[in-house]
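Visitor: Which chain is which? The protein sequence lines are A, B and C, in order.
Here the first sequence is numbered in our numbering, starting from 328 and rising by one per residue.
Here the second sequence is numbered in our numbering, starting from 506 and rising by one per residue.
Here the third sequence is numbered in our numbering, starting from 530 and rising by one per residue.
Don't read these hints as lab results, they were simulated from the structure.
All values reported here derive from a predicted model rather than from experimental measurement.
All C-beta atoms, glycine included, are put in the ideal place defined by N, C-alpha and C.
Some clues are possibly wrong.
In silico DSS-like cross-links for lysine-lysine, where the CA-CA straight-line distance does not exceed 25 angstroms [said to hold, decoys possible]: (1) K480/A / K665/C; (2) K998/A / K1183/A; (3) K1263/A / K556/C; (4) K546/C / K381/A; (5) K794/C / K1220/A; (6) K470/A / K794/C; (7) K546/C / K443/A.
Not the full set, but computed from the structure, chain C residues with beta-carbon under 8 angstroms of chain B [said to hold, decoys possible]: (8) R579; (9) G582; (10) I780; (11) Y830; (12) T832; (13) I917.
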Amino acid sequence: MSGTRLPAPAGARLDRTRPLRFTFEGESYRGFTGDTIASALAANGVRVLSRSFKYRRPRGLYSAGSHEACALVQLPDEPNVPADRRLLADGMTITGQNYAGSLARDRGAWIARFEKFMPVGFYYRTFFRPRGIWRVWERVIRKRAGLGRVNPKTPHGYHDKAYAFADVAVIGAGPAGMAAALAAAEAGAEVTLIDENPEIGGALTYGRFDADGRAADEALKRLAKEVREHAAITVLTDAVCTGLYEDNWLAIDQGRRLVKLRARDIVVATGLQDGIMVFADNDLPGIVAATTVQRLIWHHGVLPGEVAVVATQDEWGYTAALDLAEAGAEVSAILDTRDKPSDSALAKLAEERGIEVLSGWMPERAEGETEIERISAVPVDEAARETEEPRNIECDLLCVSARPTPAAALFAQGGAKLPFDPARGVHLPTDLPPGLHAAGAVNGETDLKRVIADGERVGKAAIAGETKPARKTAKKTAKKTATTLPPQPMLEHPEGKSFVDLDEDLTIGDIRDTVALGYQDVQLLKRFSTLGMGTSQGRHANPPGVTVAAEARGDEIGQVGLTTARPPLAPVAFGTLAGRQFSPVRRTSIHRWHVEASAQMMVAGAWLRPAYYGPPDEAESRIQEEAVAVRRSLGLIDVSTLGKLELRGREAGAFLDRLYTFSYQKLAVGKSRYALMTDETGAIIDDGVVCRLGEEHFYVTATTGGVDEVYRTMLWWNAQWRLDVDITNVTAGYAAMNLAGPASRESLAKLCDDVDLGAEAFPYLGVREGHVAGVPARILRTGFVGELGYEIHAPTGFGLDLWQAFMRAGEDAGIRPFGVEAQRLLRLEKGHIIVGQDTDGLTHPYEAGMDWAVSKKKPFFVGGRSIDIMRARGLTRRLVGYQIENRDAPLPKECHLVIRNGEIAGRVTSSAVSPTLGHAIGLAYVPPELDAKDGKFEIRVEGARMVEATVVPLPFYDPENARQEL
Amino acid sequence: MKIMDCPLNGPRNISEFACRGEVRTMPDPDTASDAQWADYLFMQTNPAGVAREWWIHLPSSYWFIAERDTRTGEILKTYPPDELFKRPNRPMSSK
Amino acid sequence: MAFALLRYGLGGSREPKRELPATPDLKSSYEVVIIGAGGHGLAAAYYLARDHGITDIAVLDKGYLGGGNTARNTAIIRANYLTPEGVKFYAESVELFRGLSQELGYNIMYSERGHLTLAHTDAALSTARWRAEVNKHLGVNSDVVLPDDLRRICPQLNLSQDVRFPIMGALYHPPGAIARHDAVAWGYTIEAARRGVEIHQQTTVTGLKQRGGKITAVQTDRGEIACGNVLQAVAGSSTLIADMAGFRLPIRTVPLQACVSQPLKPFLDPIIVSGSLHVYISQSARGEFVMGGSADPYSLYSTRSTLDFTESLTGDILELFPCLASVKLMRQWAGMTDMTPDFSPVMGKTPVENFYIDAGWGTWGFKATPVCGKRMAETVATGEVPDILTPFRLSRFQEMAQVGERGAASVGH
């Protein structure tokens, strides 16, 4: 058929003054602003939108609520676009999905002819012999499976997030939701009303709740006006609430924006979702849900068919029939599955209009090449089918009003139960947790007045903090009347497929077979058959699926249960969830200088640090030159990223003694000492230096990556010990730089006149406070790189000035800035470990060869007991220094293995060619018996070559430590 | 997202917090057997019910104690650590 | 290939026969009671029957079979561990997995896709080398690859160096595979049941009766059963069962979340893991992206989902694959995992003589299903723990001898 546009008042969402052009499958079409992709295509008479998941059957718009996968289309940069919800934009290029060749003539559609060879789960029983063949089959199957295509050139696009708060959040702006929002707002609550549609009103905007549609119109006018005018109600439209998480935390998808809303109370008024009617070939394009027909007419001004048949199981179908008839379609018949003729005003009106009503009838089969051309209808009653001839009715639209299901997935997410209510024939929420409320049709209400009243009641209850589950009353009535609504009838026909799951192409027979095979628990049924695993997550498929399963199992529907609905309620784009990516970067106060000096920056935790200065292709020589400069004369490195902690208090020393392996209570003021921290299992977790600045004042450094955890750990222990000590993390407060090399004293002296820098007055490991270049500074004589050197810590604001002062003062000595790479090299020559590189998560101090750093005298430190136990058990490995005498041997890399007698005996943790010594040196874990001078072992390097290494005592460089102690 | 009621900062999103496991009492490291010490280090009560745990509010580095039902995730009670740990409290050697 | 299809279609009856057994009545005693009808418990039952002739077995589960972490994991199989003991163990698992479809006559859809652990820092690249060296030494195919190789292995990856955490290289493990997790459980179930094993679904263990340091009976909500040996294989609830048996475990129960996208045409072949970003992603045969991250930050006996998880996960995925911004997330879920201090499982004997344990799987349990079943069956049948399991003994914690897997375990799956 060719589509027909209807005049106003149909098409309320359209702006007919703004036409849009678009293409679908290469053909050009026109639509209007306000159209969805699906409505514009319907207006142009395009019925087939995609091909189905398994059998590649043509599919078209069925439900306009994204309740099945039939209307998913492809945009150039976006797969699986819901055509029924996505607004049409000018110039859109749209194609169908899941076909080979063209949508109309899919070269892959042959598969449907082999349907009998593909019973449910057939792939579990084939495709695997001989071994390895599955990989070949998988390629074939993968190509057939899937729906849309990812375009690898898709731009990331802009997405952001908003945070919102409400006393009461109402989800669904239909009659119940609007009434609830108003009631809550009237009672004084700040309310946010959320709806997935562009307008508020829900079913009132297209539905006809009585013969003339007046009730809906009046309710809409009144409620929408009051909602819009109420100052305490915020309305979010085009907003899909996709998740209800702990403590009433809502995820609301607005396309480019994810709104995260925290509400004290939540009212779910999400109404009903379309069901499907199950008969043979119930998936043919042109079979459309009644609500969708009405939306097409009233929202988009599209008449979706000229000759229609309506199949219904309730009054709603009659309203759609009247809408169709009034819009100009010929309605050939209403098939009402109920055996008693309806005596409602709607039914009478339909009959008055000359529409034939067949009570107790339903379609047995739909027929047509690629879209519906006719149906054959039969009596629902089996006995009657024996006597009555099927009726063939020509039509180009089958409008289906199947039993709708309360849209209750959010309740399942919120932790409520969803038992089957036999009186209403659907699953309804009960046992709602505090703060979660149900209103309107999700409560099982269908009468408009009662829906609105229910909304008002729940809105008031929400603000009153009432948590009484609403369903209690409903349950009582159910018991009192004790009626059971029979399941919606389903029919099969040998010539067609009766689908219960349109996403996954599952038929009645598939579900039955799954049960017969023994996959009977609803979870196993889902997993084996894939029922409800498609893109709509079972929204349309669960009710008929569970009904078939119950029958096959010989159980009640309630005994079968439901699989748990998980978030998201509707698919959400990764970009929407991700939003903008913020990853904080920390730069030192000297950063700009480094960059201008062509430093190559490397990541160190959140910090950026210079790795070396110069172009990357000269990395190796630059690093060696920087290291040599330090050894020969003078270098300067920015160590501002070091962790820095202030500890003050009477028991600060005692506190440090409990925490670190050394003892500090007797450390003299003006002295510093190495600090090694272990956890309770004795494993090394951090190191640094403890400086005593006063009797009750310590300044402690920690590793760049470790300081936050060290700080937390300190606070944690003292939360228990409650010693008299205050601990502050001052990492960001101080810039720090290490002036190192034989010329460092002279150079520092140029800038510092209030500290005696003489070798005796300020010896190795001494700590002084004074001024450098006029800046108040803490000066530490340290030895990490093994030369005479000073670490200067000064307030961050002075960092750059101080650095530049040093660079100027050191000019004569040929000062050279050096980076982390050169520092690593220099410290290796001195045999200092780097925690995390030369240790792993289990290394204890004795394994690391740091016996010297463990106090044997103090009564307690955190890892002490564990270290004692492990030491008593004997070491299984030990970190040693080694050198490689053969200068032609390839250089081992970190983590190359130590091999002994063909077995793994250890690994290299640090490795470099020493510019000072001229040969390769390194640190490695080896068996403890090798821990002797001249012990030899082999390292397996690149290409499985073996390199011989010799154990040498540490440090490699300046074993007498003469240079650093100058 | 859950809300944690911090004794210092009030109710905040739980993503601002970190958990350091159950509150446990260190045995006397001098008198505990190796087995008792190892048990303290590694074994977990891991209750399916109310757990008393260490939590920290990360931006303020504030440690406190939370009682939480591990079956439902419900946070029953939070309080400062000095309600449990009174000075002097030295879980360590008497040496 | 077409022949396989035809034969199935013609030979197969349209009235399918029951293959998955119904839960029978409980007998009064069994030679072996296995608590937990997940992949591990079912595999142990199968190998007890196949290799040791023990068929008087009841496998009990409080829910449906394979419904715990067997149903919830992301089905990655690999052997590229860090420690020699880990590598040996998982290498045997991979070997068993490779022949499992044929062994069980059930297509578990074992698909070797290759497994890439991306390194974004020098340290991560070193760890990759460490793993590669250990793997190669033990005959497992792993190697360090650099961005140029990555361009070939996975051209879809964002290899730009102009990002916050550029990819510097990766550990490439070509045998890395995915499989249909449910099918593993069903295949074992069908074959175990065929040999006489009973699977009791919806049967909750409520207590363990002990006399003289031995379990004499297992109490359930369907009655009490006397038993010879008992094996516990219940991830998430391991502590609760061990409590009944009267010993402590080094385990915390922590949720692990995962999610899938809508199905899409083939885009990604290998399994991609980023340790620094804490994410992993693969594409299933159905076309869904299967994704996960690190375990939740605190313990919980619950399978609730969080929004934080999908927010941070998708953010990290888009760092690696910016073009997936318009792909849609379809479903998220969670499982309860057993976290141990050394990121390694607990297998073998317990302080109770006839009570064996298979627990502590963290986030790695699925990939060990066949080897764990086979070796635990051997342990239960002979009372002797095979060498391949001894590094994972419960008593290692008493001995302060943790497994050194921590270095590589920043992200598990």
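Visitor: It remains to establish, for every hint, whether it holds in the given structure.
Guide: The hints, checked one at a time:
| no. | hint | result |
| --- | --- | --- |
| 1 | K480/A / K665/C | 37 angstroms, violated |
| 2 | K998/A / K1183/A | 21 angstroms, holds |
| 3 | K1263/A / K556/C | 64 angstroms, violated |
| 4 | K546/C / K381/A | 24 angstroms, holds |
| 5 | K794/C / K1220/A | 41 angstroms, violated |
| 6 | K470/A / K794/C | 6 angstroms, holds |
| 7 | K546/C / K443/A | 16 angstroms, holds |
| 8 | R579 | 34 angstroms, violated |
| 9 | G582 | 37 angstroms, violated |
| 10 | I780 | 6 angstroms, holds |
| 11 | Y830 | 5 angstroms, holds |
| 12 | T832 | 11 angstroms, violated |
| 13 | I917 | 23 angstroms, violated |
When each numbered hint is compared with the structure, violations occur for hints 1, 3, 5, 8, 9, 12, 13.
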